[in-house]
Amino acid sequence: MKWHCTDDFSRQELRCSATAKVVGTRQTKNLSCTHQAIFWAKIPTFTSMRNIVKQLLGTLLRSERYLYALTLFKIKTFKQRKKDHDFSQFLNLLDADDHVLDIGSSGMSTVLISKKVDRGEVYSFEPEPVDFIVLKRIVKEYTCKNVNLYLYTLSNQTEIIDTVLSEKNEAEITANDDEENELYDKKSIINKEYSKFYPLKSIESLKEVKISGIKISIENFDYLALESVSDLLENDDPVIYAELKNKQNRQRCFEFIKPFRYKIFVYHDNEFQNYNSEKHDTQNFFFLK
Numbered sequence: 001m002k003w004h005c006t007d008d009f010s011r012q013e014l015r016c017s018a019t020a021k022v023v024g025t026r027q028t029k030n031l032s033c034t035h036q037a038i039f040w041a042k043i044p045t046f047t048s049m050r051n052i053v054k055q056l057l058g059t060l061l062r063s064e065r066y067l068y069a070l071t072l073f074k075i076k077t078f079k080q081r082k083k084d085h086d087f088s089q090f091l092n093l094l095d096a097d098d099h100v101l102d103i104g105s106s107g108m109s110t111v112l113i114s115k116k117v118d119r120g121e122v123y124s125f126e127p128e129p130v131d132f133i134v135l136k137r138i139v140k141e142y143t144c145k146n147v148n149l150y151l152y153t154l155s156n157q158t159e160i161i162d163t164v165l166s167e168k169n170e171a172e173i174t175a176n177d178d179e180e181n182e183l184y185d186k187k188s189i190i191n192k193e194y195s196k197f198y199p200l201k202s203i204e205s206l207k208e209v210k211i212s213g214i215k216i217s218i219e220n221f222d223y224l225a226l227e228s229v230s231d232l233l234e235n236d237d238p239v240i241y242a243e244l245k246n247k248q249n250r251q252r253c254f255e256f257i258k259p260f261r262y263k264i265f266v267y268h269d270n271e272f273q274n275y276n277s278e279k280h281d282t283q284n285f286f287f288l289k
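For the sequence shown, position 215 (counting from the first letter as 1) is numbered 215 according to the numbering used here, and the numbering increases by one without interruption.
FYI, nobody ran anything at the bench for these hints, they're computed from the structure. Treat the hints with caution; some may be incorrect.
Pairs of lysine to aspartate or glutamate residues, derived as EDC-like cross-links and limited to a Cα-Cα distance of at most 20 Å, are as follows [to be verified]:
#1 K82 <-> D269
#2 K263 <-> E243
#3 K245 <-> D86
#4 K79 <-> E64
#5 K196 <-> D236
#6 K207 <-> D236
#7 K247 <-> D281
#8 K83 <-> D269
#9 K83 <-> D118
#10 K207 <-> E243
#11 K76 <-> D118
Using the sequences and the hints given, assemble the complete structure.
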């Protein structure tokens with residue numbers, strides 16, 4: 001069925017045609033171009049639909065139920081996941097009586113470290129409230145009695161920094177840092193959150209503890225965490241596993257770690273190799289002495 005109409009507009013004749021199917025009838029309806037324009041104007045544009053999808057995605061990815069189910073799945077499939085192969089090598093560097101900092105816990109990392117250092121302790125730092133709730137549930141689910149939880153992460157000073165959930169970074173939490181060439185695209189922001197940072201020195205329970213291992217994964221804030229544990233790097237010589245996605249943040253961490261006599265390694269071809277940017281395409285690094 002075809003719709004035809006002719007209206008005068010700015011002394012020009014406009015002819016509009018449209019084809020439609022009407023279920024159960026063969027009636028022909030004539031609509032003016034003006035009416036059609038009003039009709040189509042009410043239909044959501046691609047941009048508005050995209051924004052709606054982004055909001056729904058942000059809500060879903062930050063929901064406690066989704067994160068809890070995802071973390072359980074990751075733990076149960078850990079040995080089969082090639083993506084976590086580097087983290088498994090970090091676990092192999094730990095002993096049963098070690099004390100380990102898990103800075104930016106994924107829930108999965110805390111549980112697996114806890115099982116490996118069953119005669120030691122895990123100190124797990126997670127600044128995002130929803131993630132922290134999930135972390136507590138996961139630790140309880142796996143009966144990890146040697147885990148200490150902290151609803152913040154580490155820095156040289158006490159501060160609150162806003163973060164964003166970014167579409168550009170595949171819905172990961174990223175730093176809101178306008179001074180470093182904008183590490184995210186403002187148009188791709190799905191949701192904003194806030195993270196608390198505290199100095200390691202302010203934690204009384206850790207002042208007399210020798211730390212043997214550190215795992216760091218707090219997106220673009222890894223450098224702040226390394227600054228906070230500088231005394232540990234000098235005195236305890238912990239093995240460090242860092243997931244460094246952003247190249248600017250990565251380079252800052254590399255430059256910071258070297259004066260402490262650490263060398264930068266990657267796990268490649270079933271062995272630890274000195275990192276070579278031209279040879280190794282990875283975001284997972286080992287800082288070892």
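We went through each hint and held it up to the structure:
| no. | hint | result |
| --- | --- | --- |
| 1 | K82 <-> D269 | 13 Å, holds |
| 2 | K263 <-> E243 | 16 Å, holds |
| 3 | K245 <-> D86 | 14 Å, holds |
| 4 | K79 <-> E64 | 24 Å, violated |
| 5 | K196 <-> D236 | 26 Å, violated |
| 6 | K207 <-> D236 | 12 Å, holds |
| 7 | K247 <-> D281 | 12 Å, holds |
| 8 | K83 <-> D269 | 15 Å, holds |
| 9 | K83 <-> D118 | 25 Å, violated |
| 10 | K207 <-> E243 | 26 Å, violated |
| 11 | K76 <-> D118 | 19 Å, holds |
Violation of the numbered hints given earlier is confined to hints 4, 5, 9, 10; the remaining hints are satisfied by the structure.
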